[in-house]
Amino acid sequence: MMASVPLEHGLILSGILFALGLTGVLIRKNIVFMLMSVEIMLNAAGLAFVTAGARWNQPDGQIMFMFILAMAAAEVSVGLALVVQLYHSFKTLNADAASIMKG
Amino acid sequence: MLNLLVLIPALPLAGFILLALRGRQFPAAANAWIGTGSIGLSALFSIMVAINFVGNPPEGNVFIQTLWTWMQFDGNPVTLSFSLDSLSLIMILVITMVGFLIHLYSTEFMRNEEGYSRFFAFMNLFVGSMLILVLAGDFLLLYIGWEGVGLCSYLLIGFWYRDKDNGKAARKAFIVTRIGDVGMLIGIFLLFLHFETFNIQSVMQAAPKTWQIGSSLAILAAFLFLLGAIGKSAQVPLQVWLPDAMAGPTPVSALIHAATMVTAGVYLIARLHVLFEIAPVIQTMIAIIGAVTLLIAACSAMVQRDIKRVLAYSTISQIGYMFLALGVGAWSAAIFHFMTHAFFKALLFLAAGVVILAQNHEHDMFNMGGLRSLLPLPFVVFVIGAASLSALPLVTAGFYSKDFILLSAWYSPSGSALLWVAGIIGAFLTSIYAFRMVFITFFGVSKIPISHRPGFFMITPLIILAFFSIFGGYIELPETHHFSSFLSPVFGIPGEQPINGEGVLEFGASLVSLSGIFLALLFYVLRPEYAGAFREVPFFASLGTFWFSGWKFDALYDRLLVRPFFLIVRKSKNDFIDAVYTGIAYLNRAIHNNLVRTQTGNLRWYAMGITVGAVVFLGILLVR
Amino acid sequence: MILAWLIIIPLAGGLAAWLFEKKNALFVRWTALGSLLLDSLLLAFGWIQPAFFTGPVNDPWMIELNVPWIPQLGINIHLAMDGLSLVLVALTLFLGIISVICSWREIHDRIGAFHLNLLWTLAGILGIFIALDLFLFYFFWELMLVPMYFLINIWGHENRMYASLKFFIFTQAGGLFMLVSILALYFINGKATGIYTFDYSLLLEVDMGPKTAFFVMSGFFLAFAVKLPAIPFHPWLPDAHTEAPTAGSVILAGLLLKTGAYGLIRFVLPIFPDAVAMIAYPAMILGVIGIIYGAILALGQKDLKRLIAYTSVSHMGFVLIGIFANNSTALSGAVMQMIAHGISTGALFVIVGLIQERIHTRSIDRMGGFWSPAPRLSTVGILFALASLGLPGFGNFVAEFMVLVGTFRVSSVITVLAASGLVLAVVYSLWIVQRVFHGEPIEPLSLTDLSAREIGMMSAMAAAILWLGLYPLPVLTIVEPVIDSIQQYSVL
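Chains as they are written, first to last, in the working numbering: chain B, 1 to 103; chain F, 1001 to 1624; chain R, 2001 to 2492.
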């Protein structure tokens, strides 16, 4: 058994990834990039699950990652469909352009 | 035979219902026949009942006729009943007979008016309600009649409904008397609470046993009933409605003043005299109210220009005499004066009606004049009425009744010289204003041509009333006391009064009455310039204006009550409680408007919100 | 089963009226009228011939129907009628018939739907008066509310959206408080006895601490005070009455307000005697304020319908006082006032409706001098104005008199203050008479007098109010046993 990566490292990496993704969501205007950033955040969460699962020698973490993968796929397909629709309507990928739905 | 009693009020009421429902479809003559006939029949039945009552007195001198069960309180039925004793007998006789004469007169007086059937319907209802009032054996029926009378006065004062001022006068009458009525209603509650019955006789028997003389509950109850009485009888301070009530047709005024309405208060106090006897404070108050009223009203009567307003103030003043009599415990004197007053006041009003009709509906006496030769018969009867009003010694009915009151004011245990002086001054003023009216109207030169001469139906009642205004007093001479001994089952036998000095007092009263007449003669016929000289003096001029306005009571109430009330009405008409709810609604909308700004529709703004929320939430978790 | 039919007939009649809307307007009106007449016939027959009521007779109920509805939750269809219900059901049917007749010429738009809503509201009100299961009661409470909302919202006057929404929010909010209290009663009783039921007769015996009782009572009180309406929950009333079509105003004033008073008498008094004793004085003071406040506000109004609506606030103050004076005289008076006010104010609203049909306005500035062109209309107008000022001879006087006598036993101060309302009543009633019927006609108007249909309708109401005034004994005798049985719970 090779020396395992400490739990903290994995979690710090996933935290950094998550923060990066969040920053991307918040500062990018292009909706495709925002979608990509969301993917990064999801994967950061997945990484955290896997790390934790490895630490406790439980399969649950990997199972959860499967869930996240499936969900991310579904999310991307719906999201991309919306992006296409958005582009049809507004002729732009700028998310701020689609702010007419405010209450 | 006494069972016919129920027909006496029922006939006028039946007449009312018939006229109210179908009157418009009938010809005028039929209306007159129904209206007058119902009262005439009622008078006839009253006489029959009276003969029977006197000839064959019922047990205890009271006849009771039960009507029907009206309500129930805690399972106890409340039954309406009529009761007839000598007091109510005198009342129904006067009401139906004087009422009949006034109706007869009206058939001609109102002939060319719109709403002929309406007039007779209301008049019938008026007489019917008054009869219910005086025959009532319990407080509920009394109150029904009491309110009915108030309603009819409203309807009849506002008979010429097109004019807004008439409506105002009518409403004033109803509202002012209603204020008194509510007091009386609460008095009824009070008596019911303590005696568990509405029957007047039972209450009057129980009251002196339960309540000691001068106990606070007795005083309170008596005061509440007094409130009702002064409202209806137009005594100070609720007298303001009566002068304005002249807005109605003249026969209505005659009916209000002579036979119905204003005498109701006198009747009420006489009927409940037992209650007032155990509340001596209130009795003194009645006497003072009477004395004050008779002086105030007599002063106002002296300076009026409208002939009907003179008579109105004169009624207030004469009712003041009756209150004075009631206040000193001279119950039968009050009822006696009520009777003679009914005759001569009806006479005066009806004669004044003749004059007004003859002068083309002119009311101002100073625009009339010289009618002595143009209308000789109305002149004669008017003088008889005025003489009776000013208590011309020995020959008039008014003399005997007023003398009775003045003597009682002097001799009665609760009387005093001060009350007597007030009465004697009032008598002096009375004869001045009564003959001032005669001299201004009938002497001098004619100014307006005669537009209508009275026919048979207007003359006959005048002659009959003139007869009674003179001879009606002889049933109660100071020596014989037929009248008061007839009433003694109700009021008890009057104690023997000390006789010494009676002659002097009577002589003084006669002298005062004659000198008043002479003064009027001097000022308005012999030396008119004297009156002018008086008016020149600023003090007398302003006093005259003050009296003319009825001692500014109207202005006072207007400032004190009416205007503040309508100010409140105007201020609150938008319902400030509603404003509270509207405020809540606006507050919600304001919050909504502010919160909605956060909904920018900007996706990244929402994401930021989620982030901040999550950070804050995690932060709180960590800190804890 | 007769009680169920009483409700089913108007429901079915309403549906029939709606279905046949396309065919024939007259048919719709006659269907509505017919179903109500049939209902009245049923009631009258049952009244005269008690044996006709075949259901199990259970003292003190004259007739009872009790079948399970949702037995798992202890909900039954429990209907029963006693004297109080009987007179109120009779009033409902009477005013229901009047409101159908008075819509005869007024409503032309979607008449089928109109009569559907009208009859369903009436069915809800009938249900309220005979439901003895609290869940069922709440069900009828809502059934009454929703069609009424549509009556105002669709067939109302200018400002109908605002008025109907306000009406709905107020009464619905009150109703939710009541729902909470009903559920609280249900659970408290269930915990204590193990029987989870909504049945009135079982819930009567619920035992709870004074604090709990007070809060549970408050929920009921709020709902009923909004309906009554008591100050300060009245602001929905002037708007709703003013904007509703005539039939709606008649039902609102004549019946809906009475459901509040009925609820107080039927539920609040016997279930929470201690809490009632606690709030009796505040409630009576609210009543007094209502009497005076309503009368003063009535005087300030320019819209005749709004004026009459505020007089309702004033009159219902007497009901509130009578209920919380809580002795048999005052309670009988309160019931009398419910009936007398239902008829007299209903009639006044009908009269305003008749005037509005003719001159197309409700503003009293545009009225005056109606006596000469329309003496019959004016006669009934003045008659009902006099009834509303409490003149002896009309039912209102009997009612107010009894309430005041009963209250006098409890508190003389409140009686005196309430009696001052009688003076104010004269002021506003005569104000109506002066501004509308007396005076000089404002403009040359060609006012047609009442038609035969209208005379029939008005004389029926006049006869009813006079009958109540001159011979109220039958009503009082019918109601008395009910009031006695409610009094048994009183702690005073």
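Think of the hints as simulated: they come from the structure by calculation, not from any bench.
Just so you know, these numbers come straight off a predicted model, no measurement behind them.
Any given hint could be a false lead.
Keeping only pairs whose Cα atoms sit at most 30 angstroms apart, straight-line, the calculated BS3-like set for lysine-lysine is [said to hold, decoys possible]:
(1) 1168(F) with 2302(R)
(2) 2302(R) with 1571(F)
(3) 1573(F) with 2302(R)
(4) 1164(F) with 2302(R)
Partial list, computed: chain F residues near chain R (C-beta under 7 angstroms) [what the hints assert, rightly or not]:
(5) 1074
(6) 1144
(7) 1164
(8) 1167
(9) 1174
(10) 1179
(11) 1572
(12) 1573
(13) 1575
(14) 1577
(15) 1611
Covered, in the sense of this in silico footprint (three residues per stretch, anywhere, with C-beta under 8 angstroms from a C-beta of chain F), are these stretches of chain R [as the list claims (entries may be wrong)]:
(16) 2075-2087
(17) 2222-2236
(18) 2416-2426
Just so you know, even glycine gets a beta-carbon here, dropped at the ideal spot from N, CA and C.
Okay, the hints, checked on the actual structure:
At roughly 19 angstroms between alpha-carbon atoms, residue 1168(F) and residue 2302(R) fall within 30 angstroms of each other, so this suggested pair holds. Our distance criterion of 30 angstroms between C-alpha atoms is met by residue 2302(R) and residue 1571(F), whose separation comes to about 14 angstroms. The hinted pair formed by residue 1573(F) and residue 2302(R) meets the criterion: a straight-line CA distance of about 9 angstroms does not exceed 30 angstroms. Of the supplied pair hints, the one linking residue 1164(F) and residue 2302(R) holds, its CA atoms being roughly 18 angstroms apart against a limit of 30 angstroms.
For residue 1074(F), the shortest C-beta to C-beta distance to chain R is roughly 5 angstroms, which falls under 7 angstroms, so the interface hint holds. For residue 1144(F), the suggested interface contact is upheld, since its CB lies about 4 angstroms from the closest CB of chain R, less than 7 angstroms. For residue 1164(F), the interface hint holds, since its Cβ comes within 7 angstroms of a Cβ in chain R; the closest pair sits about 6 angstroms apart. For the restraint placing residue 1167(F) at the interface with chain R, the shortest Cβ-Cβ distance is roughly 5 angstroms, inside the 7 angstroms limit, so the hint holds.
With a cut of 7 angstroms, the hint placing residue 1174(F) at the interface with chain R holds, because the nearest CB-to-CB distance is about 6 angstroms. Residue-level restraint check for residue 1179(F) holds (minimum Cβ-Cβ distance to chain R is 6 angstroms; threshold 7 angstroms). Annotation: residue 1572(F) was flagged as interfacial toward chain R, and the flag holds, the nearest CB pair being 6 angstroms apart, inside 7 angstroms. The interface hint given for residue 1573(F) holds, since its Cβ lies 3 angstroms from the closest Cβ of chain R, which is under the 7 angstroms cut-off.
The beta carbon of residue 1575(F) is positioned within 7 angstroms of a beta carbon in chain R (closest approach about 6 angstroms), and the interface hint is therefore held. For residue 1577(F), the interface hint holds, since its Cβ comes within 7 angstroms of a Cβ in chain R; the closest pair sits about 5 angstroms apart. Against a cut-off of 7 angstroms between C-beta atoms, the interface hint on residue 1611(F) is violated, since the closest Cβ of chain R lies about 38 angstroms away. For the region 2075-2087 of chain R, the stated coverage by chain F is violated: 0 residues have a C-beta nearer than 8 angstroms to a C-beta of that chain, whereas at least 3 were required.
Residue count for the region 2222-2236 of chain R with a Cβ under 8 angstroms from a Cβ of chain F: 4. That meets the three needed, and the coverage hint holds. Counting residues of the region 2416-2426 of chain R whose C-beta sits closer than 8 angstroms to any C-beta of chain F gives 6, which meets the bar of three, so the coverage hint holds.
Hints 15 and 16 from the list above are not met by this structure, while the remaining hints are.
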